[in-house]
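Quick note, the sequences are listed as chains A and B, same order.
In terms of our numbering, the first sequence opens at residue 1 and continues consecutively.
In terms of our numbering, the second sequence opens at residue 487 and continues consecutively.
Simulated from the structure, these hints should not be mistaken for laboratory data.
Predicted model, so just to flag it, every value in this text is computed and none were measured.
Not one of these hints is a red herring.
Just so you have them, the derived chain B footprint on chain A, three or more residues with Cβ under 8 Å:
id, stretch
1, 361-373
2, 398-409
3, 413-421
C-beta atoms are modelled at their ideal positions from N, C-alpha and C, and glycine is treated no differently.
Given next are the chains, with one letter for each unit.
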Amino acid sequence: MALRLESLTLLAVVTLMACASPLHAQATPQPKRDQEIRLLRGNLYHVRDGQEHTVLLVTRDGILLVDPLSRAAATALKQQLETRFPGVPVRYVVLTHHHADRAAGAGIFEKAQLVAERSYSEALSRSRRENSDEYRFVRDVRDTFATARTITLGGTSVRLAHVRSRHAAEMAVVYFPDEKLLFAVAPPPVTSVPFSFGVTRPRDTLGWIDVVADLQPDTLLFDDGETMEGAAFQQLAEYLSALRTDVAEQYERGRSITEIQATPLPASQRSAPHYAARNAQISAVYRSTRLVRWELSGRAIASYTSRNDAMFCERSFSVCSAGGAVPGGSVGAAITLGHRFGITAEGTLNQQMWSSRARPAFQEETVQRFSRMALLFRYGAPRPGQFSFLPVAGMSRTTGDVRGLSHITGVLTPVGGYHPIEERTTRTGQTFGVDLVRTTGGGFSIGLPIRLTRMNGERPQHWPSMFDVHAGVGISVQLMRRVSVR
Amino acid sequence: MTPHLNRNRRLGIRVPMVVCAALLITGCEASYPTTPTSAVPLAMQLHVPQPLGDASLRSSYGFTAYVIRSDGAWEEVTNQAAWSSPNPTVFRSGGSGRFVADALGTAGVIAQYQGFTMFIDIVVIDPSRLPVPRLTIGATAPRIGTTAQSRVTLVPVTGAATDVTGEAVWTSSDPSVATVEQGRVTARSPGTTRITVTHLGLTAAYLFSVRPPER
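Chain A on its own, in the form it takes in the complex:
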């Protein structure tokens, strides 16, 4: 009896509360969200929310969700997951980049660990400053990675890799090795046949392709729902790799775009479906190609200083002998930037030369050893397998070390008598010249350098001249060669 009374009372209270509620506050039926989850393969699910697409991986230890999309999408998705996978928590939310349409929903999964590339937070801060409303729900990420990261969940691995993208600097792709599927957002136009770089930067596109090709996916799924067969992607990657290598080699040889375009690719590449747009592809790669090459050279030289220069052998001397040719050596390090310019740092050391001069009551004999450091700008670059004529010009710093004796007779000491001469003087100057270079393969080249140097300032007392020329022969070895695409 008591139980019946309690039930009636509770019913009355509920009825009263229902009557007291205003009509507009009554729960309105939510329009059904255009969102679906379907199994792709294995434990990998494809999520479509309107026009947006993403993926999630379900394991026994939890769910790894990639890009939770907007807050509304994430709210709906969370409900679906709780219904379809009750008791399985979302453990990881991987954010491909920070844009609100892909990342704002992360806040819905409060207990999940957010993972993104390391420049994510910096990019997010920048976007917040520009548009605080749009980004107010996008969460910061503490768990970041630099180049790549592997997350293991429920015995399944997921690989994250940073890729170059103009869309977002922190862009990451997500690869599911068990399913051999790669998910990517805002990819370069890899699905277009024949391939075209379009408005993308070749460096970004080729970098993206390199990273993804290394993962060797069977299938690529993109954020717009489009898919691409792994075989077609690998074919494109190989085609572009061959094209890039070919352009780089010919760029290094100094060939123009039209000359390269006139050179056919190997037959194996000619059958590629992308071959039809080869000219545009070459043009884009060529304009973005940068060549950096480091070389080390060693040369034997002969250095000539004008004989009996009038400045040294002035009229008061009845006997004078100075200057001439001496052997020497030079070592240098050169960096070639592109196929037009280079910078050479060169050190030269000469065998010492002898000078003597005399007049009544005065005699002097000295040896001079000159060393020189020069920083030279070079026009042109050595062409593989060819003779190259490369003008150089720049600044130099010459140090002359002089030792010897002077002998003055007939006057009082300390002027009279023998006097040791030790003098070390440095002069800056200008060095001009040319390198005649023939590359021989294997990273070696033979060089014939010719240098003319004019030193500035007052002539030091024991320097036979302020002008010299040297020429020689030597070899260069290539230490590093890097061809990159901007």
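Take the given structure of chain A and dock chain B to it, following the hints.
Just chain B now, with coordinates in the frame of chain A:
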């Protein structure tokens, strides 16, 4: 050049080129194979700083000693030389070439250095008791290679003094040091000479030194 410098050692460059290449950045030193040997004195000279006739009683005088060395340079050794007088009661040495005329008479200056001995004779007189007629000389000291005019004046017993430079006979005891003609003295080379002038049987003389050049 000279025996000190051996050109044949050119080939014996002490610093190998290989080492130089390693030190290229800092630059290598040149290598000269010869260092000068220490010079030894070959001859000595005794100089008077100013032309000096007879020494005056109770006056002080300075003398200078030079050596010519094996390297062809002159060196002043005044402070290193040992100075003395053969008649110290007349002309007393104060060291370092300084002398004082203490009494009338004849004396001299002796300088000794590393086995060399040089001597100059000196007569000490009392200027207030000079006889007349006499000749008086006004001399200047030219530098080597230049000329200076000395003058001689005849002071008679009575009457005014007369310049007799042109009429007097001038001689130099060492023409390699200085020559003289009608009082015009030309310095030829470092050393000391006695310039003598004679007129009407009267004679006057002074010591004259040509100093080695300083440069």
